[in-house]
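S.K.: One letter stands for each residue in the lines below.
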Amino acid sequence: MAQKTIEYTVGRNPEMGPGGLPTASPLEPFDIPEPQLGSEHMLINIGPQHPATHGVLRLVCELDGETVLNVTPHIGFLHSSFEKLGEYRTWNQIVPLTDRMDYLAPLIYNCAYVMAVEKLLGIEVTERCKVVRVILMELDRIFGHLLWLGTTAIDVGAFTPFLYTFEERERIYRMHEGYTGARITTSATRVGGMMADLPEGWIGELEHFLDTFPRTLAEVHRLLTNNQILIGRTQGVGAIGPEDAVNYGFTGPNLRASGVAYDVRKDNPYYDYETYDFEVPIGENGDCYDRYLVRMEEMNQSVSILRQAIDRLPDGPINNPDPAVSLPSKTDCMSDMESMIHHFKLITEGIKGPPGDCYYPVEASKGELGMYLVSDGGPKPVRWRVRPPSFVNISVINKLAQGHLIADLIMINASLDIVLGEIDR
Amino acid sequence: MDALQPVSGIAGFIASVAKVVLVFAGVMLTVAYMTLAERRVSAWIQDRIGPNRVGPFGLLQPIADGLKNLLKEETLPAKSSKLFFLMGPMIALMPALVTFAVIPFAAPLPTHWGVVDMVVADVPIGILYILAITSLGVYGLVLGGWASNNKYALLGGMRASAQMVSYEVALGLSVVAVLILAGNVTLTQVVWQQQQLHFWFAFPLSLAFILFLASAYAETNRLPFDMPEAESELVAGYHTEYSGMKYAMFPMAEYANMVTSSALMATLFLGGWDLPGSWDNMFWYHGQLISGFAANGSVILAHPALWKTLLTFVAFAIKTAFFLVVYIWVRWTLPRFRYDQVMALGWKVLLPTGLGYVMLIAGATLVLDQLGLPWGFTYGLILTVLSGLATAGFLVFLDRGHTIFGAAAARDQKTIVRHRAGVPAQAGD
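Chains as they are written, first to last, in our numbering: chain A, 1 to 425; chain B, 1 to 429.
Since the hints were made in silico from the structure, they are not lab data. None of these values were measured; they are calculated from a predicted model. Honestly, I wouldn't trust all of these hints.
What the hints assert, rightly or not - Quick list of simulated restraints, FRET-style, between CB atoms: (1) A:E243 <-> B:A321: 54 to 62 Å; (2) B:L86 <-> A:D211: 54 to 62 Å; (3) A:G236 <-> B:M359: 32 to 40 Å; (4) A:V374 <-> B:D47: 45 to 53 Å; (5) A:H41 <-> B:P56: 51 to 59 Å; (6) A:R312 <-> B:D47: 29 to 37 Å; (7) A:R222 <-> B:L71: 40 to 48 Å; (8) B:F57 <-> A:G403: 45 to 53 Å; (9) B:W329 <-> A:H41: 52 to 60 Å; (10) A:E167 <-> B:G292: 50 to 58 Å; (11) B:A321 <-> A:H41: 41 to 49 Å.
By construction, the Cβ of each residue, glycine as well, lies at the ideal position given by its N, Cα and C atoms.
Put together the whole structure using the sequences plus the hints.
M.R.: Shown next as structure tokens:
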């Protein structure tokens, strides 16, 4: 049978990585032989319906006994054509598509998308809006990491931490619902602002969450972090060095676990992240255990960022007052001629800006989430492309899992923290 | 007063039948309510409520579950090996139920027709019978897994057999230590010797107790050793293709095994039905029911009574329930080992430790017997101290500083490196 060989060479981005120097270290060719029927090796399908594939990922594994020889990830079961659909929608109509990509941390996607649009169209947002978006993004970083923590615990056989983390997730769901009316498909952002200001008492609820959540986290720490079994299952499993991690395009906690302290919030700050006092945890071995530790610490750091953001949350309008960007209030539309005209023009024509393209990266819970937009000056994007962290991270699973046991493959898959909505898009 | 005689003839037959029925019903009832207990205790551990809708406090839930499983459609995979597919659950369940026959569960009961031993069959090969029969249960898992014609099930069955082979050895070795002290494989005699030693064997044989506990978890395929059905890896392992009552028989076998091994642990290490004090000591010695020996070597006759039987049965039930709760507790607290780690633990840790410990106990008993120390409290105390040292050494070695002294926490500190704004990113800084 034919061999599928995809060769591509990626140099190092000088802004990224150790030393900052571009190195000529091309990727190994991505070379997975087609499995043969009738051989000594067993071919086993993990997924798309399997308790541990976190969605509809299908891993075709070639096993020798229980040792993994090759893993071929098959994706696309959740393909929804979001990027193409976006080309037929106005800027604001695309927002609901974004939270369906990473339904585990939807607000980060909402925010990242409108931030890219605002950069492209040259729209400023108010200070309050910036801080609110930081709050929402950090809250959903905890939200995404909590899901990873719970499912990882289940994948190593510890069921109880899963329910502890989902208890906390439930509280974040309720906060989502309190603000946006939806638990998963939040669609919270609009170009130039938010869909609404924070409701009364929401910040108080968040503060209560921040007071109690670290206790739950500490409890899970006690259950897992020093557990001999978990250590045995994760240390030295699926290790990847900093060179390889950079070359494979790892970002986020997966990259930092390998010892590369690259975090978009620090290295390419947006929304005044440089003024927040927080630390970026990095690992040194790049194995599953370091990825675990890095994410556990990131949740603590997010709590710290959230506290600082609550302290500095300014008063004032949340939306850009420019009538060509933000919708007027319903009352104004009914009583004021000017407002009604603005409303009509915004709805029928959409927001227009200069032609051009832009790339806007933010630090999502799973890595660097980039939004690339091309505009011809009209109210819709000509091309909308997402740089998905999970999609890049899952591509390395064959390299990580080769030679390990099938139980390690499950652990590696869990530690990469993927979400299929975003991989398949 | 006439010497007490065991029941015989027709009355003995009727008593035997009654015991078989009662023990079977008791074990099955415990199995049914273990499923409820597991769900309620896990719910309690996990901040949930658990099943509480069917009957008061959900007490009828096991019956509802049983009815559901009986009424469910039985599926038969098209390409399965049908005979073995059907035999799998039966073979798994039967050994789990018959092993209970040799476990004494209370002090002998005096009746009008004679004294009834509270054990279904006090066979002279006691523990050997248990070791032989429990090993058969794995055939059900292997056959079921193989006959399903499913790769996950096959892997589960393979894991089950490998795990059984590995841990049977460690289990056997830890039992050998008990047998050295008891001097016999009959379980009634194991109980009797613990009464005479004034120590339950969990103390003078603490390391054997720990080894037996770990091996029993592996034998019953419970977390952290539930390799054969590891749901995050093998979906449901060997019973992936089973449904309805055929499926239900596998969990029933697992729970029955848990009940049997808990009862066995209670008997071997916690004195069985024994309660502190010598008032309940009873043993058939040369045709006489005795409670001990006087200083001059003559026997002291025992006085069995209904209340003693009931009280000792409650003691036995509590000890068994204790181990069952620990089973549940461990399952909902710990992560799962990896397959090769389970093998390594069995062959590289438990087996050599068990072997060394048997040597230690054998040597210690030899020395104590040579010194002429009588079988009693001092004898037990010396062994307790010796075993306590061995256990402490074993635990420290096994832990290697992880859980007790927190070496992983030190690594945690090292891993989290501070990275402030404005400092350029450096690898490994």
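S.K.: Indicate, hint by hint, whether the structure satisfies it.
M.R.: Cross-check of the supplied hints:
no. : hint                          : in the structure
1   : A:E243 <-> B:A321: 54 to 62 Å : 57 Å, holds
2   : B:L86 <-> A:D211: 54 to 62 Å  : 57 Å, holds
3   : A:G236 <-> B:M359: 32 to 40 Å : 34 Å, holds
4   : A:V374 <-> B:D47: 45 to 53 Å  : 49 Å, holds
5   : A:H41 <-> B:P56: 51 to 59 Å   : 55 Å, holds
6   : A:R312 <-> B:D47: 29 to 37 Å  : 34 Å, holds
7   : A:R222 <-> B:L71: 40 to 48 Å  : 43 Å, holds
8   : B:F57 <-> A:G403: 45 to 53 Å  : 51 Å, holds
9   : B:W329 <-> A:H41: 52 to 60 Å  : 40 Å, violated
10  : A:E167 <-> B:G292: 50 to 58 Å : 56 Å, holds
11  : B:A321 <-> A:H41: 41 to 49 Å  : 47 Å, holds
Violated hints amount to a single one, hint 9; each of the other numbered hints is respected by the structure.
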